[in-house]
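For the record, the sequence lines run as chains A and B. FYI, in this note's numbering the residues of the first sequence are 1 to 316. FYI, in this note's numbering the residues of the second sequence are 1 to 316.
To be clear, the hints were calculated from the coordinates, so they are not data collected in a lab. Mixed in with the good hints, there may be bad ones.
[What the hints assert, rightly or not] With a straight-line cut-off of 27 Å between C-alpha atoms, the simulated BS3-like cross-links for lysine-lysine are:
| hint | chain 1 | residue 1 | chain 2 | residue 2 |
| --- | --- | --- | --- | --- |
| 1 | A | K201 | B | K289 |
| 2 | B | K201 | A | K201 |
| 3 | B | K85 | B | K75 |
| 4 | B | K208 | A | K166 |
| 5 | B | K75 | B | K166 |
| 6 | A | K85 | A | K166 |
| 7 | A | K208 | B | K201 |
| 8 | A | K130 | A | K75 |
| 9 | A | K184 | B | K166 |
All of these numbers come straight from a predicted model, not from anything done at the bench.
Listed below are the residues making up each chain.
2 protein chains.
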Amino acid sequence: SVWISAALAQTDPLPSWNDGAAKQAIVAFVTDVTREGSPDFVPAPDRVATFDNDGTLWIEQPIYVQFAFALDRVKELAPQHPEWKDKQPFKAVLEGDMATLAAAGEHGAVEIVAATHAGMTPEQFIGMVKTWIASAKHPRFDRHYEDLVYQPMLEVLAYMRASGFKTFIVSGGGIEFMRAFAQKSYGIPPDQVVGSSIVTKFETRDGKPTLFRLPQVNFVDDGPGKPVGINQHIGLRPIAAFGNSDGDLQMLQWTTGSGGRRLGVLVHHTDAEREYAYDRNSKVGRLDKALDAAATDRWTVVDMKRDWKTIFPVRP
Amino acid sequence: SVWISAALAQTDPLPSWNDGAAKQAIVAFVTDVTREGSPDFVPAPDRVATFDNDGTLWIEQPIYVQFAFALDRVKELAPQHPEWKDKQPFKAVLEGDMATLAAAGEHGAVEIVAATHAGMTPEQFIGMVKTWIASAKHPRFDRHYEDLVYQPMLEVLAYMRASGFKTFIVSGGGIEFMRAFAQKSYGIPPDQVVGSSIVTKFETRDGKPTLFRLPQVNFVDDGPGKPVGINQHIGLRPIAAFGNSDGDLQMLQWTTGSGGRRLGVLVHHTDAEREYAYDRNSKVGRLDKALDAAATDRWTVVDMKRDWKTIFPVRP
Ligand SMILES: [Ca+2]
Ligand SMILES: [Ca+2]
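Isolated chain A (complex conformation) (with noise of 0.2 Å):
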């Protein structure tokens, strides 16, 4: 609409963004599929952006968030559990022994998710998560996590969504974790949230009716599964996707794979002094085979060292 391009004109809507080829990406893709008139013209309905959550839109280092929680949620459960004193990968947890923990692997995520994650309801976890949220604090930068999040996404996903976008988190981490924080955070409601899940089941207790989480994986909405998510939950292809990791490789195929003016956009984590710096060889957020994509697919990458003037918002 003429009032928000004015507006636009008139200030600029990325300025944690430094001048460069990344900002001017982003700026030119929306230009470009919202003036009518352009032959690159997207309907509103139809501008439809993809962002993955973790390294993304907030931090992902030393552990993922949701790990984080899971670790805490482990030592808070321990007196009901004194088994696991002497039984992996509790034991592990329990003595902060990364190692060992690292060694447990999938089967024991699985194990910890099982046991974190399940036996309650939706509501029950919704709110655990958002108490857990409210007071917990990364280990170096001693802020909230939700202090953490990237102050240049935010104003992309404000961006978009003043050019008529319907932005979308489409993560590996929980859905329903992430559903705890996304409006808040991210001004993304809870149907605007895919992510993976363990199984939930309806019953009658009590005469209530009742959703249950077990502890069961549902879906795995990563690598392969973004795609398979979206088409699910979306029903539209993304004509824009962001993502920082091997685990994006598949969205951002999907979504630029269609022919016609995309924008797919990988986040590089280049700034050891202001956040992290990693990439092909890291353990959480590796980015190896969807860099060398990135260079024949065309898609933008983000060198947050040099890109972004702010990492995190400044909170008053």
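Guided by the hints, dock chain B with the ligands onto chain A, whose structure is given.
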């Protein structure tokens, strides 16, 4: 917002409804939850309303529209499958032998869905549905199915949206089948359609990223599946739900069982002359347990014959 309230006060939001208990219940609910200062006030982001599709938003007799589509697809594909002439349930479809087809039951239905709904991309499938919808006609009314939506329900959808509700379809029908017409027929975008689905797989074909529909059930969004589908896709508990059969029982229980001002509505098909009359003994859209529950749970039962001035839209 003020201008919407003012506009609604001046014009009847439900002109195709006769004055009566059903219309009054809907208007009273919407008024109570949207009026600031009301003890029942619900903030806009929590105003979620879910609508079953078949028999609630459009016709479902004498057979589900999606089943009519599948039967037409079998006939269309038959020349490529000469073996179907001697193979049930396809033989029955080709011979119009509905008794044998009915006897093939759920197993037969799954075979027909596998043969007609899988083996293609979602885009191809949606294209097929759109083409079919544009030409197929209802056997009794000789009108396109898109003309056999319920005008009074279109008014409810528009009224609730104008009152700050987000409206979702939650149906046992195929999610992608409904997405082919939900925006055009109901003003409901693809990401606000929840339904049953088959497994979809991501793969690279001839160097192109592709989603492919497999002949395997992924999720059944019916009965106890409806609260699960709502939780997975919407992530909020509805405050209003509309259905017409026992397949909606758990959705209405889930919606109205949380305390606070809630609205559960059942459309009761009572008009054999203008549409159909059926309930406890119908194979399609059986309304039995949910009709009993309506009395104890104080759900609103719409008597189509008495409550609706018109059934279908008058098209120019
Ligand atoms: Ca990530
Ligand atoms: Ca129905």
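Review point. Has the given pair, K208/B with K166/A, been kept, meaning a C-alpha gap of at most 27 Å?
Key: holds, 25 Å
Point to revise | Hint consistency between K201/A and K289/B [alpha-carbon to alpha-carbon, up to 27 Å] | key: holds, 21 Å
Point to revise | Holds or violated: K184/A to K166/B, with C-alpha atoms at most 27 Å apart | key: holds, 18 Å
**Study point:** Straight-line alpha-carbon gap K85/A to K166/A, limit 27 Å
**Key:** violated, 47 Å
Review point. For the pair supplied as a hint, K75/B and K166/B, is the alpha-carbon distance within the 27 Å limit?
Key: Not OK: K75/B and K166/B at ~39 Å, beyond 27 Å, violated.
Review point. Can the restraint linking K85/B and K75/B be considered satisfied, given a maximum Cα separation of 27 Å?
Key: holds, 11 Å
Practice item. With a cut-off of 27 Å on the C-alpha distance, tell me whether K130/A and K75/A pass. Key: At roughly 17 Å apart (the allowed maximum being 27 Å), K75/A and K130/A satisfy the hint.
**Study point:** Given hint K201/A paired with K201/B - CA-CA distance at most 27 Å
**Key:** holds, 24 Å
Practice item. For the pair we were handed, K208/A and K201/B, check the Cα-Cα distance against 27 Å. Key: Violated. K208/A to K201/B sits at ~37 Å, over the 27 Å cutoff.
When the structure is compared with the earlier hints, violations turn up for hints 5, 6, 7 and for no others.
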